[in-house]
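As you go down the protein sequences, you meet chains S, Z, U and B in turn. To convert, count from 1 in the first sequence and add 86; that's our numbering. To convert, count from 1 in the second sequence and add 16; that's our numbering. To convert, count from 1 in the third sequence and add 76; that's our numbering. To convert, count from 1 in the fourth sequence and add 732; that's our numbering.
Heads up, some of the hints might be wrong.
Stated by the list, open to error - Pulled a few chain B residues facing chain U out of the computed Cβ check, cut under 10 Å:
#1 A757
#2 H760
#3 Q797
#4 L821
#5 A897
#6 T993
#7 P998
These are computed hints drawn from the structure, not numbers from a lab. As the structure is a computational prediction, the values presented were derived from the model and not from experiment. C-beta atoms are modelled at their ideal positions from N, C-alpha and C, and glycine is treated no differently.
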Amino acid sequence: MNHLEPIHFVAAEDSAQVDNILEVRDLNVAFRTAQGHVHAVRDVSFSLRRGETLALVGETSSGKSVTCLGLLGLTPPAPYCTISGSARLAARNGKTYELVGTPERVMRQVRGGVASVIFQEPMTSLNPVHTVGAQICESLRIHLGMKGRAATDRAAELLNQVGISDPKRRLTNYPHELSGGMRQRVMIAMAIACEPSLLIADEPTTALDVTIQAQILELLQKLQSDNRMAMIYITHNLGTVAEIADRVMVMYAGRIVEKADVVELFTRPQHPYSRGLIHSVPRLHSGRVRKTPLFAIPGNVPDPAAHPPGCTFGPRCGHFEPGRCDAAVPDLESARPGHLVRCVRWPEIEGAA
Amino acid sequence: MSATQTVSLAVPRRSLAQRYPALRRFLRHKPALLGLCVVVFMTLFSFAGPWVIPFNATDTDIRARLMEPFAGAHVLGTDPLGRDVLARLMYAGRISLSVGFAATALSVLIGVLVGLVAGFYRGAVGAVLMRFVDAMLCFPSIFLLLAIAALIEPSVTSIVVLIAMASWMEVARVVEGQIRSLRERDFALAAESLGAGDIRIMFRELLPNAVAPIVVAATLNIAHAILSESYISFLGYGIHPPTPSWGNMLENAQSYLTNAPWLAIVPGVAITLTVTSFNFIGDGLRDALDAKLDR
Amino acid sequence: MTDHKNDSSPIGHAGLGNLTRRDAIFAGAAAFAVGSLGLATGARAATPTAKPTGQAILGFSQEVTVLHPLMTSNEVDQGVWWNLYSPLWMLDAQGKFVPVLAKAVPTMENGGISADGLTWRVELRRDVKWHDGKPMTSEDVRYALNLMKNPGFKARNRTAFELITSVGVEGDHVITWKLKEPFAPLTSVLSWTFIVPSHILSKDPDPNSPKFAAAPVGTGPFRFVSRKTGDHVILEANPDYFGPPPGLNRLIFKYVPDLNAMYTQFKTGEIDYIGLQGIPANFYKEATAIRGRRVHAAQKPSVENLTLNLAHPALADKAVRKALNIAIDRQAICDQVYYGLPKPANSYHVPTHWAYNPNLPKPEYDPKKAAAMLDKAGWVRGPDGIRVKNGVRLSFTNSTVTGNQLRAQTQQLIADDFKKVGVEMLIKNLVAAVLWADFWRNSEFDSLMTAPTYTIASDPDVTHRFAASAIPKQTGSGSNVSQYKNHGVDTLLARGRQEYNLAKRKEIYQKVQELIMDDLPFLPLFNSVEIEGTKAGLDGYASNVNTLANSWNAATWRWSAA
Amino acid sequence: MGRYLLRRLLQSLLLLALVSMIAFAILHLAPGGPLSQFLAVGTLGQEDVDRLMAQYGLNRPLPVQYLDWAGGLVTGDWGQSYRDQLPVLTKIGMHIGPTLELMISSTLLAMFIGGLIGILGAVRRYSFFDHLATVGAMVALSIPTFWFGLAVIYLFSVNLGWLPAGNRETLGDGSFVDRLQHLLLPCVVLALVSTAVWSRYMRSSMLDVVNQDYIRTAKSKGVSPMRILVHHALRNALLPMITITGLHVSTLLSGALVTETVFTWPGMGRLFLDSVSNRDYPVVMGMLMFTACMVLLGSLLADLLYSVADPRIKGEAK
């Protein structure tokens, strides 16, 4: 990717952790709406290593999708949405991009080239009036400058990689001629077309049949290990997290409430919310799609425009203690090395459990 | 929560749906609200106005012909026979608005009946009725209006009938579609299984559920009817003098474009303003009521 | 724009510059009528015999539809026919017959008509050629006359032709025919009967075939070039014309369906002549002030009037009609609605007609007298101010064609006038196609406001308008829609038809006018005037009441040298 | 595809048969008759009227007249004008050109301007421009076309003298520039309503598309905004516009009639108006049939075009 000219790149050695592909510090995303300012993401910090998979878990409107969209600048433009903080992304060629506040022109090089996204709805995420081939080739042309025969061959190769048989013929198909699973494979092929260093998978299996879900997850895992990509896997389904993730980050009302290795989190969840989530999954390896996996946690996600004081989970928490929990937003504390939790009462709760 | 929905947070929607969501939505539609004010004003102006001003719409005074507006006792000037333009505008407003309302009422009546029967019975009856509707829609509206206009003597009543004849088809289509889908819903089937008569099911069970789109169509129809009246007048088949209407005021003003342009400007503005208002109201109603239907 | 370059000529230049006064038009028109046809040699002294140059666009508010000159048609069609075809003779602006295709107009004095009035003999010019080069002969005239007699042909009015029993030819240039009974109006009728080419038309077995209209051939000063229906007809100068060559190379009859649009186009210079219904009266003042345009007030043969239906219970009373006649303020209508252009009328003839009776009672306006007359006749005011007699309210409707604003205004004024004397006139206007149908034919109206021309080709015979035998509702013929019956009038009209002596005819028809205007089956309002206009520099325009359109002499129009 | 087309064609024919009956009934039940224009001149007596009625076959029973006429319609003989004896199809042929010229040019203008306004409105949603465009479109839809036409003539022809007040060409000139000058005002006037329609539908169609997932996908691939707009959004947003344009034929014909009247444009509208007012039955019938055909053809063509342009439909019909 020598033809790129990263403007906001930082020399690799300046980075504290050389191995990290992605370094996010104090990311904030706010929307301007008719009801006032809505802080969708607050003070999110995390990092990601090459080949690592980070699962982002949370309920609807917990801010997990917005975090990722914000990183790539796919949120609405400036007056409607403001992003602050810092996010540094390293490309495969060693260049590092600052993603926050970067001009659109540079961000366009990042999107699809250094970081790609797979969206939830394969049915609607492909343009119905263009062939599958044209849509894959578009990425190749933009980022790699590939044209004509070369691009088509590469696209076919990609389709082959994502497990689509007879790829040459499939290239001439329109999206509506493919099944849901096939379409998601096409989406994946498009995402990995330019060998990005970061792949964001935003609930990639939610809209698919159960049998297909497993295949897609397998494919993602295989591609990730083949290409040594870092991956952010967004889901509300803890079942799949255990299968695919290395580390897990639980978000609630725009904040990270707990961050830990996958085994650590599942075996020793610290935050009451995480515990609730885990307890609400009847069997860990359940293949069933649960539309409402949070039936065990009472109440609803708070109105993003009017958060309760202190801990935002407070009103729904079984361990809520007036005066302490609603005094101030708790800090993210280190419960163990590599295990962070945002709860003032975590030691007591752990003891009680 | 997908990003699309998050993005649409920027759009004013949601969270208002409390007691009268449709009404609230309508009240928030500013152009529609403004339109409503204009329509109320025009109606008051036309129906109550003549009591306020000292002139009559039909009194001729040939010596005071073609007086310019804002220059004397006649605020909007006088026409070629010396009649007060303001008074004529008011009386004409009565006719034009009445024509608009009456033609709409009639067209809605025909449209609802045809649509109801066609949608309820479907089969041969429905097919024949709806093909008839389709056939009527094949005529470009002005062509149809003129062809029928040739049939009748131009009076207020006949213009009302004429406009209704040329504009009931849209209503019929809307109602037919609604009824056909509503008929499959549980409550209609339930009513049927309870032994309710056809007429009862049609008017008591189905029709009330199709009111929203009818109201929208009717509002837009009023705008259309007022505009149609002016077109027919312009083409020489409208309400004829001495009964004033906005349309024939405009038509008569044609010969005086150069020496008395206000004769054309005044009714033209009245028509445009009123029709725009009705269109905006219709728009607002559609936004307000459609949302409810979608839920 | 057009290719003539004289737009900028100043107004009021020499010649026919300021012909806005009717009298002036008449004075000049006679010379042009004669001159145009090149027959009365003395009158055409100064006509230059230059080549036809330039074109003129003639705007008309009616579309030219029928190019076969013997078929049913409208007024503007005749405006084209005068340029495309020729009749045997024609009436000039002063009402004098002028021979065209004929060498002389037949009369008893010159022997063209036999002493019993039954045999007519006409000698034709020998130098006339059809536009296709074939010579025009007596055979063509015979064909035309027989065509008018053919019951399968969609002819206009056949009354006169049905009296012709046999048509004969003597060689190529003499035509004769015999009549069932003497019929004086025939001379007038023939002045509007254009001769058509037998050698083309007789080939088609269907006399109504549209083929001829697609490529008409005549003997007139202009030849047919092309036609775009709904838009225009183009004619070009005929180099073989038997009269003096036309002054213009091209004539374009342009249809402009809207009077206001037509006036606008006249102002912007898109049309060179604005005729037939012409300029709306309210533009008259403005129009006279336009630079580079001349405006003419042209007298029409029609009389604006209130036609009364004598079957109406109130209007059947002669006293009512007489009272109404003096309750109308005609001068006010002429002055205020029509900007002082027309003059109040008192007959169905225009005052310039040779048979006009100058001793008819003058138009008067006296509402007090009118009220007194109604009182005397037993019509007393009811509680609503409207008079009643024997349970009949003095109320009736008045109808005219919708879309004519000035008429609608006149209706208003008359309704106001009538209201002052306790008479109610309600206005009920109809579209033309409805009014000029059963409503008119079957006398379904109470009263009409129209401007009919009572005569046909200016002949004073008005049998079809006022004879008891011409009430369509009762006799299935004629157009006496007032349902007027007066035995005295019937007898005089029958006599007048058979009388060839002009002086005696005049006497008869003056008496007829006296009787009719005493009975008042219609209330004359004023003699119609049309405001026509020409671009300055286009010389030769002259109005003629004896034709239906003032493009009758377009052959003598020319662009003056700059 | 073929079968679908055949079915649509058969439906259209059935509709046309219905249309012909309705039109025939409307016209022949009307009072007045085709001879009124000649009666107005006043030289015809009742006997002439009776004779002409018989000659035109107007005294036969209505069903007989209808069958006679419908038979001719099928065999391509649409009858003759009562006014100038020309075959109806010839007359329509002479007037269709100017009308099509007006309709097509104004549609192109409306597509371009309206489309642009709609796209801009969608892209800059709720901006001042968007609000202005919305209100402007509503006013354009509400203003009486002829009034607007008269105002335009008054301003540009009478006062400023820039453009001709009417007609299709200067007779005797007829050069391209001259034709263009004549076309400009009526084209703009006729395009007014279409522009409003186009801008409104384009805007909402564009808004629909802009919020689609595939637009986000394209953005996430790093596609430039211009390419997203044209290649991804516009391409999809134009699909429903095909249908709108097809259904707009009817409105356009009505507008053309009014515009032609204002500008004395020698097209179908004027022919229709003249024929109706003169009760020229064969021409009026012919024109009603012809316009109905155009309307049906419009929606048929739109369907066909749509199926060509939208791969989803093309796929299904295979």
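Status of the hints after comparison with the structure:
For A757 of chain B, the interface hint is violated, since its Cβ never comes within 10 Å of a Cβ in chain U; the closest pair sits about 17 Å apart. The beta carbon of H760 of chain B comes no nearer than 13 Å to any beta carbon in chain U, farther than 10 Å, and the hint placing it at the interface is violated. Among the interface hints, the one on Q797 of chain B is violated; its C-beta lies about 17 Å from the nearest C-beta in chain U, farther than the 10 Å criterion. Proximity of L821 of chain B to chain U is violated relative to the hint, the smallest CB-CB distance being about 12 Å (cut-off 10 Å).
With a least beta-carbon distance of about 5 Å to chain U, the hint placing A897 of chain B at the interface is held under the 10 Å criterion. Restraint check, T993 of chain B versus chain U: the minimum CB separation of about 7 Å is within 10 Å; hint holds. With its C-beta approaching chain U no nearer than about 4 Å, P998 of chain B sits inside the 10 Å limit, and its interface hint holds.
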